[in-house]
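J.: Guided by the hints, dock chain B onto chain A, whose structure is given.
Chains A and B, in that order, give the protein sequences. Read in the working numbering, the first sequence has 191 at position 194, and its numbers run on one by one without any break. Read in the working numbering, the second sequence has 183 at position 186, and its numbers run on one by one without any break.
Derived by calculation from the structure, the hints in this document are not laboratory data. Careful: at least some of the hints might be erroneous.
Pairwise CB distance ranges, derived in the manner of DEER restraints [unchecked claim]:
| # | chain 1 | residue 1 | chain 2 | residue 2 | range |
| --- | --- | --- | --- | --- | --- |
| 1 | B | 12 | A | 224 | 35 to 43 Å |
| 2 | B | 98 | A | 58 | 25 to 33 Å |
| 3 | A | 62 | B | 170 | 56 to 64 Å |
| 4 | B | 5 | A | 58 | 41 to 49 Å |
Backbone N, C-alpha and C fix where the C-beta goes; we use that ideal spot for every residue, glycine too.
Protein chains: 2
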Amino acid sequence: MIANDPYAELERRFGRLSAVNRAAAILNWDRSTMMPEGASEDRADQLATLSVMAHEIMVAADMPELLARAEEGRTTLGVWQAANLREMRHAWTHANALPADLVEARTRATSACEMAWREAKKAADFKRLLPTLGEVVTLTRRVGEAKAAALGLPLYDALLDEYEPGGRSARIDMLFGELRAFLPGLLRDVTERQKRAGAPLELDGPFAVEAQRALGEKLIRAIGFDFTHGRLDVSAHPFTGGTADDVRITTRYDEADFARALMGVLHECGHGLYEAGLPRDWRRQPVGLARGMVLHESQSLLMEMQACRSDAFIAFAAPLMRAAFGRSGPAWEAANIHRLYTRVAPGFIRVDADEVTYPLHIMLRYRLERAILGGDLALADLPGAWNDGMKELLGIVPTDDAVGCLQDIHWPDGAWGYFPTYTLGALAAAQLFAAARKATPGLMDAIGRGDFAPLLAWLRANVHAKGSLVDTDTLLTEATGAALGTAAFKTHLERRYLAQ
Amino acid sequence: MIANDPYAELERRFGRLSAVNRAAAILNWDRSTMMPEGASEDRADQLATLSVMAHEIMVAADMPELLARAEEGRTTLGVWQAANLREMRHAWTHANALPADLVEARTRATSACEMAWREAKKAADFKRLLPTLGEVVTLTRRVGEAKAAALGLPLYDALLDEYEPGGRSARIDMLFGELRAFLPGLLRDVTERQKRAGAPLELDGPFAVEAQRALGEKLIRAIGFDFTHGRLDVSAHPFTGGTADDVRITTRYDEADFARALMGVLHECGHGLYEAGLPRDWRRQPVGLARGMVLHESQSLLMEMQACRSDAFIAFAAPLMRAAFGRSGPAWEAANIHRLYTRVAPGFIRVDADEVTYPLHIMLRYRLERAILGGDLALADLPGAWNDGMKELLGIVPTDDAVGCLQDIHWPDGAWGYFPTYTLGALAAAQLFAAARKATPGLMDAIGRGDFAPLLAWLRANVHAKGSLVDTDTLLTEATGAALGTAAFKTHLERRYLAQ
Chain A
-2 MIANDPYAEL
8 ERRFGRLSAV
18 NRAAAILNWD
28 RSTMMPEGAS
38 EDRADQLATL
48 SVMAHEIMVA
58 ADMPELLARA
68 EEGRTTLGVW
78 QAANLREMRH
88 AWTHANALPA
98 DLVEARTRAT
108 SACEMAWREA
118 KKAADFKRLL
128 PTLGEVVTLT
138 RRVGEAKAAA
148 LGLPLYDALL
158 DEYEPGGRSA
168 RIDMLFGELR
178 AFLPGLLRDV
188 TERQKRAGAP
198 LELDGPFAVE
208 AQRALGEKLI
218 RAIGFDFTHG
228 RLDVSAHPFT
238 GGTADDVRIT
248 TRYDEADFAR
258 ALMGVLHECG
268 HGLYEAGLPR
278 DWRRQPVGLA
288 RGMVLHESQS
298 LLMEMQACRS
308 DAFIAFAAPL
318 MRAAFGRSGP
328 AWEAANIHRL
338 YTRVAPGFIR
348 VDADEVTYPL
358 HIMLRYRLER
368 AILGGDLALA
378 DLPGAWNDGM
388 KELLGIVPTD
398 DAVGCLQDIH
408 WPDGAWGYFP
418 TYTLGALAAA
428 QLFAAARKAT
438 PGLMDAIGRG
448 DFAPLLAWLR
458 ANVHAKGSLV
468 DTDTLLTEAT
478 GAALGTAAFK
488 THLERRYLAQ
Chain B
-2 MIANDPYAEL
8 ERRFGRLSAV
18 NRAAAILNWD
28 RSTMMPEGAS
38 EDRADQLATL
48 SVMAHEIMVA
58 ADMPELLARA
68 EEGRTTLGVW
78 QAANLREMRH
88 AWTHANALPA
98 DLVEARTRAT
108 SACEMAWREA
118 KKAADFKRLL
128 PTLGEVVTLT
138 RRVGEAKAAA
148 LGLPLYDALL
158 DEYEPGGRSA
168 RIDMLFGELR
178 AFLPGLLRDV
188 TERQKRAGAP
198 LELDGPFAVE
208 AQRALGEKLI
218 RAIGFDFTHG
228 RLDVSAHPFT
238 GGTADDVRIT
248 TRYDEADFAR
258 ALMGVLHECG
268 HGLYEAGLPR
278 DWRRQPVGLA
288 RGMVLHESQS
298 LLMEMQACRS
308 DAFIAFAAPL
318 MRAAFGRSGP
328 AWEAANIHRL
338 YTRVAPGFIR
348 VDADEVTYPL
358 HIMLRYRLER
368 AILGGDLALA
378 DLPGAWNDGM
388 KELLGIVPTD
398 DAVGCLQDIH
408 WPDGAWGYFP
418 TYTLGALAAA
428 QLFAAARKAT
438 PGLMDAIGRG
448 DFAPLLAWLR
458 ANVHAKGSLV
468 DTDTLLTEAT
478 GAALGTAAFK
488 THLERRYLAQ
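The following block holds chain A by itself, in its conformation from the complex (with noise of 0.2 Å):
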């Protein structure tokens, strides 16, 4: 039986699509905050039962033909109906394109693989991986194969464009060709210049746990975080999760160091920003979503990097800190703060890498993901491959796997094609910040009073507010002035690093 109205019909079912996805996300959320850890397997029943309910409504029989009916009527449809119809079918195709049984196979062998990881990390023994990780790369083949066929894009494009719909690699290549070309002789001149600056003074621990939660509260409250619409709690790996009404961060705190806890939650409070901005009118529909990974992490940095770590922010922060912790003198002022905040260094660790180099770690995964995919690396050469291509692009070799080919949670987890998005998103945060503060005149003096309203009432109108409405680039050229490209974040880099 079809309805009389398709498009009608489709959003009815699009909308209850979108209220199991947001109760999987609160029970994602629980999981990692909140529930006792006898409980995995029940929760994982749950969640498995959600996710196959929310597949067989994307995959009803009649939905073809719903959506060919609807795109028939396409012309009587608003602006945001039409882009939503569009969101639709983009988002059918993907679920569409594997067979029950590949998924299957698939979140099995991400499964076993991540166990394996686990034990292999902490052995620091790539071997160990070997057999699970094989399986994963084949079966994520089979995956990218299936949507190649289905999108009419190469295998690796496939992939990416799950994460970042229209996300394409020519560009990518494009795009880190000129970062390729730019960041080492930076990073040359940048460490040179640090060095002879003498290093900054060290803030000693410890941080009462407390202490920090209130201060992070208080920085994004004064940032926009709404309360009323979110929480921050503490979780093993920092994330964003929830609804874009109930939007939950998560930090984890180190009495050691308060820094990295502080500038992680302002991380996630650009993520959930963009999260409680998106469309009121559209946030449980295809249309109303975050556009793509890169506008996400676009946001989170654009936060963490652009605004709060500039000196005018760092300005008002540092008197808040000396209050939060009652500490005071030289190491405490806002100048060394800032300097502390801006250091630049090579090392193993991609979480725990500065703007200057984080680049050069995703370089060198996207350049191995692509040639593993593409049968151009066998797996067991991946160790060997990785340290080769640390010395060349960050200058150091790994001491042992742990900190080198074994350190990130992607590839066991099946999350190929999505490292380039970070990168993607530094990009995207330079050229928006950017444009923000043309746009704004005072934007800085704002943040200096820890005054963000100009900031977010500008993000709000440019990125949050069009959810899925247009493409990533056509939403950057509206409001940047032109297609995601380099050179903010060429230019952002050189005023911070080299020219203060």
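T.: Frame of chain A; chain B shown alone:
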């Protein structure tokens, strides 16, 4: 399409239903404990969607045929499977009795009435509740008629059957009649005796919330609450939620009075132990769920009233209380604390009532809700009838409707036929505890040492692990040698309040 093995197909469907309901249980817990206030509409949409999806599983067009075919093959099923099939049929009959528009109308009416109730209670003005409560009564009658037809029961019994499968008003009339003949005289004797003995010494606060929480946690750990499969949190109205593998109990703390939160925690712990003890292999099927509200309430009251207000337990707990709050002196001696915990006095408020007067509150509500549903009492006359009943049963007349007929949420909320299960639970608790003591020499001595293992082992074997395998009376007969009666409860009250 009908499966080859209809019973197996039913297990698959009810397993999925269970997963949806367990997911909803966690989301409901989150709503009362963690959710930011701004997310209530979002959460309501998630829960409504899960509820509709659960209902759709139950009323699928081929369910009658599946059930019938499975019932034809009943002789090939094991004992648990056959009981599971019986429970499936029972759940299906309840779900299928109501047309969708009636379910929806009732949901809307109870939502509106609950909101009106909060206002009416605040203003102590029953008249404000009349219009919406009238609508709830009308729709509850329609629900009762539909269920009565489907189940072949009188209207009130059909409503009661949802909370207590197999519960019948003829039986309640008999049991309540026995209590009616016994309690007022006992109450007179006990209050007289307690008056002669003089008032116990009060425990002076304030009592820090964190110390209360830690004490509650310590005591329920001793009782056997497993924190690897559960949590203790705070909510405005204490409850037990979550799942058998993930039991979420809550309380609320009052800095002026720790006894209330503590006894509340012990009460919810009893509910939680029941859930956690449900049969491991069947807890995701209808036969593995708790038997009904009578046994559920029996488990909380057994723990709170029978075990934890005993001399033996108070002797164990008193030193822990002194240590928790850093207090000492005559008021903190076990004998005085026991007197505080067994004070009897008629009061207006059911939830504050002691175990002697509590059943009188329930008898009043039972009498009134039957009269209203039967058309023998006009809603407008409820306040007068309430006050007359209070005078008759408890000898006191409420000063206004807020502490009279407006005090409970149950009627506005649509829970008609629920009240009697509280007192039936109290009877079952006394009966089960007496049987446990008889079957387990040294049980009270163990409790006096804070060792609940013998009690818990008996409850696990005789109540928890049976799930819904047999009906309440069969379970009680197997466990205690008799169907539900008043003898053990009467003996308990006489021993505790008159003999010592």
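J.: Please go over all the hints and tell whether each is borne out by the structure.
T.: Cross-check of the supplied hints:
Roughly 38 Å separates the CB atoms of residue 12 of chain B and residue 224 of chain A, a value that falls within the hinted 35 to 43 Å. Our hint of 25 to 33 Å for residue 98 of chain B and residue 58 of chain A holds, since their Cβ atoms are close to 28 Å apart. Distance hint check for residue 62 of chain A and residue 170 of chain B: the Cβ-Cβ separation is about 59 Å, which falls inside the suggested range of 56 to 64 Å. Residue 5 of chain B and residue 58 of chain A have their C-beta atoms about 24 Å apart, which leaves the hinted 41 to 49 Å range violated.
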